[in-house]
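Visitor: Protein chains in written order, with my numbering: chain A, 660 to 1008; chain B, 660 to 1008; chain C, 660 to 1008; chain D, 660 to 1008.
Hints should not be assumed to be uniformly reliable.
Which copy is meant is left open, because identical chains are indistinguishable; a pair holds if it fits in one copy or across any two.
[What the hints assert, rightly or not] With a Cα cut of at most 25 Å, we get these calculated DSS-like pairs of lysine-lysine: (1) K675 x K831; (2) K773 x K992; (3) K992 x K722; (4) K992 x K831; (5) K831 x K931; (6) K722 x K931; (7) K992 x K931; (8) K722 x K990; (9) K831 x K773.
No lab work stands behind these hints, which were simulated from the structure alone.
This is what each chain is made of:
There are 4 protein chains.
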Amino acid sequence: MRATASPQDIANVCAKIQSLGFRPHVMPGAERTAIGITGNHGPVPPAEFEDLPGVAEAIPVSKPYKLVSREVKPDNTVVDVAGCAVGGAELALCAGPCSVETREQILVSARAVKAAGAQLLRGGAYKPRTSPYAFQGLGEEGLRYLAEARAETGLGIVTEAIDVETFDLVEKYTDCIQIGARNMQNFSLLRRAGRSRKPVLLKRGMSNTLDEFLMAAEYILSEGNYQVILCERGVRTFADHTRNTLDLSVVPAVQRLSHLPIIVDPSHGTGKRDKVHPMALAAVAAGASGLIVEVHPNPDRALSDGYQSLYPSQFEVLADDCRAISDLLRKRKASADLLGRVILPVAGI
Amino acid sequence: MRATASPQDIANVCAKIQSLGFRPHVMPGAERTAIGITGNHGPVPPAEFEDLPGVAEAIPVSKPYKLVSREVKPDNTVVDVAGCAVGGAELALCAGPCSVETREQILVSARAVKAAGAQLLRGGAYKPRTSPYAFQGLGEEGLRYLAEARAETGLGIVTEAIDVETFDLVEKYTDCIQIGARNMQNFSLLRRAGRSRKPVLLKRGMSNTLDEFLMAAEYILSEGNYQVILCERGVRTFADHTRNTLDLSVVPAVQRLSHLPIIVDPSHGTGKRDKVHPMALAAVAAGASGLIVEVHPNPDRALSDGYQSLYPSQFEVLADDCRAISDLLRKRKASADLLGRVILPVAGI
Amino acid sequence: MRATASPQDIANVCAKIQSLGFRPHVMPGAERTAIGITGNHGPVPPAEFEDLPGVAEAIPVSKPYKLVSREVKPDNTVVDVAGCAVGGAELALCAGPCSVETREQILVSARAVKAAGAQLLRGGAYKPRTSPYAFQGLGEEGLRYLAEARAETGLGIVTEAIDVETFDLVEKYTDCIQIGARNMQNFSLLRRAGRSRKPVLLKRGMSNTLDEFLMAAEYILSEGNYQVILCERGVRTFADHTRNTLDLSVVPAVQRLSHLPIIVDPSHGTGKRDKVHPMALAAVAAGASGLIVEVHPNPDRALSDGYQSLYPSQFEVLADDCRAISDLLRKRKASADLLGRVILPVAGI
Amino acid sequence: MRATASPQDIANVCAKIQSLGFRPHVMPGAERTAIGITGNHGPVPPAEFEDLPGVAEAIPVSKPYKLVSREVKPDNTVVDVAGCAVGGAELALCAGPCSVETREQILVSARAVKAAGAQLLRGGAYKPRTSPYAFQGLGEEGLRYLAEARAETGLGIVTEAIDVETFDLVEKYTDCIQIGARNMQNFSLLRRAGRSRKPVLLKRGMSNTLDEFLMAAEYILSEGNYQVILCERGVRTFADHTRNTLDLSVVPAVQRLSHLPIIVDPSHGTGKRDKVHPMALAAVAAGASGLIVEVHPNPDRALSDGYQSLYPSQFEVLADDCRAISDLLRKRKASADLLGRVILPVAGI
């Protein structure tokens, strides 16, 4: 739509789309509003729309993903999680333990990550575990502790929903619903997340391509929830010096193809405490909009993932260093944009 | 338990296990019955059980998986799917289209694969698709067509359950519930399958290790369903001449560690029609207990996976060739067992 | 060229190619001779050749590889190694220890594999080792022991050349020069092998695609040596139940694109003794023209790769079983060719 | 050796090592000199050395690599390439075209990367190419052009040696000998590089583990050349949004285990021009000691790798941004070291 399009213009276009038997998706941007169409089997003639008032352009999308594509919505999406703007100018920092273990543990964690400048608190109440005999999370009790930590610290909450059965409960307590890597192609769960009004943090599956990652997000958007944050957390390769291979190149690759923000999880992405700090810095330098980091008040006694969790004092340094890099790059980018650099080949070579 | 243990002996051991707060799992074998214990946090003293009548041995299991392990149950498990013994002496052949598309299509397919000697019919009524806009299956209508095909041909039915929501419906119609590769670590779905009384066909995830594969099966057994068939369907690698890399070495690897039968899917495992026949033969030669193969009466018009589906006449040749190899190897193995070969190094080298 | 083309016709075509500044490659087949052209930068007009006597067709090759392509030479290449026809009707079996360790060890090995029906003896005199401090092979002393084993048993010799420096020595003693997986893209070594008159066994690199594998063979053919045997020996993946993941689907994939024979190494391809037998059978069933297997008279005392070497008595069973499968498939294929099966879709579906 | 050890003390220890039939490796560090021992088959009793004058400690090395290990030499190695200290405080920037194509092209490139602040010029005179029919480099002519560029600009030269045959020529002209990824396990070439007196830049093979990478460096050091720079250039995975997956976590992993400096190649590591800048920044943030970047005056006309080469003006921005991050992190690290942060768990959690 044109920047000058009125709400009535937008409503008219949506009505037209519905009258053709398709589904309209209104996605407001900073400058103008995009309206995606899904449900069509084959191309829709642009002329049907371009004469309507307020329509700037009708663009057929050439990719398998539509609503997540920059072709549909050129402006970056900024996702608001309890007041933290993920994808905005400021670096978003989400931190906390792998699992909520006790009331005390999560409160101490929340205070520590808040003190270090995190805006969001992570912590699993429902844990997808490789073994049926491993600790599976505290369930609703854990969700209540998270809510208590939010009440005390003001941090927004990010916690995982592992199935449709327990989704309602998670949705009720959390500020942002995490979909884990193992569930990236659990399409029923994606659909349920798409019908939520809460933002969704979608982690890349451990052997999924970029196209599959974007298609998984498309499932959520296609149900009407456009508040999706993508997250790289390492892929599975032959390399054995880390638990997973953190594929930071997916950060600029996502940013080129999609308007959705992408953050990085250097904790699962490396699986080793001493690799978290350098890879967190690298993620910020590569342009990630934020980080999600495992921090535990006493990692050696953690019920899960202790070996990759930071001590609170380590997270403090990490947060400082990451913000310093983020600030530096934002300033440099601002002056570069002012200069308007031009790229030219050398003639005759 | 000893081969001579009475049902009362077994009941006594189970009662003892329950009295300690643990969970007993009775797994009858061809020669003797094994009883698994889960729910213990740490080792259970063998002496607690070895004095009970009928107990042969109490074996602490050293692997993360317990109930699927050969340490617990040395005899091969044979899973009965509508009269077809998967894991028994005869090769199990399951074939049919990727998706149930029409009543006519599934009936024609069923007759064709029956004529070629298949015992089981495959066909998806609920399809997990990478794109939210792709054909998602006929749902219960598809299940009814499958049931009709069974009624006409006598073939057992194998079809996929993709979520807990539609599980009851699938369970009602099918003879064997398939859990697809993308859901191999959908632990809620595995638990639901574990509470079913129908056999389960569990496909290996596209980047899961053998241990993760066996742990996924353990989820099903830990809920009380011991009728699990494992299935290799190709893993994701850098190689680009096939859609996935069929990892046949997992067949003998599973057989060494677990009592569960393993079959192979050469259709998804290669993603190319002309590779299905050679890889099906290879799977049988490697010792697989069966095959699951995509066959479509008119592959070029299939709604999904047509490029990897066999023509019925191709499947007929494949089935013949596979049975011939299976027969050959069974006969050779029988004579080898009679001879009782001895393996000795050459002294002094 | 036509089947009726005379040697003079062939010479004329070659002269014509040379007069244009290109390089002719004469590759005689069972029925007719192909002449490849390399050195051209861009397409060569077919009309330049199609009017010459004896020319059947001038085919522009659309693949990056030319001389290895079936487009250039539709007939299978059969490589003669000391009387063993690799790529012919009979299964080629090459076996022996990883390294030549002592005169006694290689002689005992040679007798054992000969007794089991192998036609070729393997054994490394120069070993590429990950560590500079590991046993690097006996060098020329090892080559002499191999020659002695050949003299006694009549087996052809296959041994590895690891660099241009020691190539002449290896070439002098061996019947077939092996290029190892780590050297698959050592282009200087490939060129040297291309200038040899001895057959070459080229192993696939552990993370090389099919195209790269064929291009490596193209290096050898482009220098004038058309006697190349390809060998699959496992690729590197995330899977950890075997040392490498044996990619048997490359066997039919090579056979579709190239006229060169392909064999399989189930010893390096699995890295575990108990997986060698099932994967050897699988390789034969997939259509491999032969096997190369590590056999050691006393694997526990081997200086390298003992854990994946078979005992001689195990190899005997393996060889018997593989020949039985090979015979079975050859017979079935012969009758199938007689029947001339037709593939048809079912109308209306 | 102690910091106070005299040259005579060092000579005495070496003589003692030689008298035992082993090989001494003297590696001077900033504070003290380490002496490695190789050639021993089994442990050497520490007591043999600890009583000699100047000896601080005799440490048995538990890793398969010895001379590259931090256990042997705790201080970082700084490699001097024509005055550029790789591994020192300042970021090392090496840039230039993939191949030397013409005199003009390399001179223009050299001036451009010099102007942007690079200290080293890259450019291949001998190119390992997948196809025998692709441009293979200018050979010695290319080396002469590189030397001319050095004479004019003062930049040090880094160029690849692809085989032992042409090694002498490369060694004569270059300041640093590059060993490419495909040759990382070309052990004869590594040995030849180990006998050179010029520094070596060793690239990680595309599917090699960290241990294999360090063992390849060990080959070079074991021959007496301790001036080795390691380079991460991407590994091969299933991911298809970049040509290779840049594994930045190997940077801190190398730094933990080895004293050798490690740099990163974001050009081959991504294979896409628009990913080079973000991944270069990420590499510096992860702690890399330098970068090697493809820059071409006119990428669209490059004879190789044009699609991943930067325009000179893009490299200028990259170099500025990378130095800014490097400076920032060095300053922050310096103040952190002053503060001497302490890591403590929270008691009782």
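Visitor: All hints are to be evaluated individually against the structure, with a verdict given for each.
Guide: A quick look at each hint next to the structure:
In the homo-oligomer, the alpha carbons of K675 and K831 never lie at most 25 Å apart, since the shortest distance is 35 Å inside one protomer and 42 Å across protomers. In the homo-oligomer, the alpha carbons of K773 and K992 lie at most 25 Å apart only across protomers (23 Å), although the nearest pairing inside one protomer, at 28 Å, exceeds that limit. Neither within a single protomer nor between protomers do K992 and K722 lie at most 25 Å apart by alpha-carbon distance, with minima of 29 Å and 44 Å respectively. Taking the shortest alpha-carbon separations for K992 and K831, neither the intra-copy value of 39 Å nor the inter-copy value of 43 Å comes in at or below 25 Å.
Proximity of K831 and K931 under a CA criterion of 25 Å is satisfied in neither setting, with 33 Å inside one chain copy and 43 Å between copies. Taking the shortest alpha-carbon separations for K722 and K931, only the inter-copy value of 20 Å comes in at or below 25 Å, while the best intra-copy value is 37 Å. For the homomeric pair K992 and K931, the shortest alpha-carbon distance between copies (21 Å) is at most 25 Å, but the shortest distance inside one copy (32 Å) is not. In this assembly of identical chains, K722 and K990 lie within 25 Å of each other by CA distance neither inside one copy nor across copies; the values are 34 Å within and 45 Å between.
Proximity of K831 and K773 under a CA criterion of 25 Å is satisfied intra-copy only: 23 Å inside one chain copy versus 51 Å between copies.
Checked against the numbered hints given earlier, the structure breaks hints 1, 3, 4, 5, 8 and satisfies all the rest.
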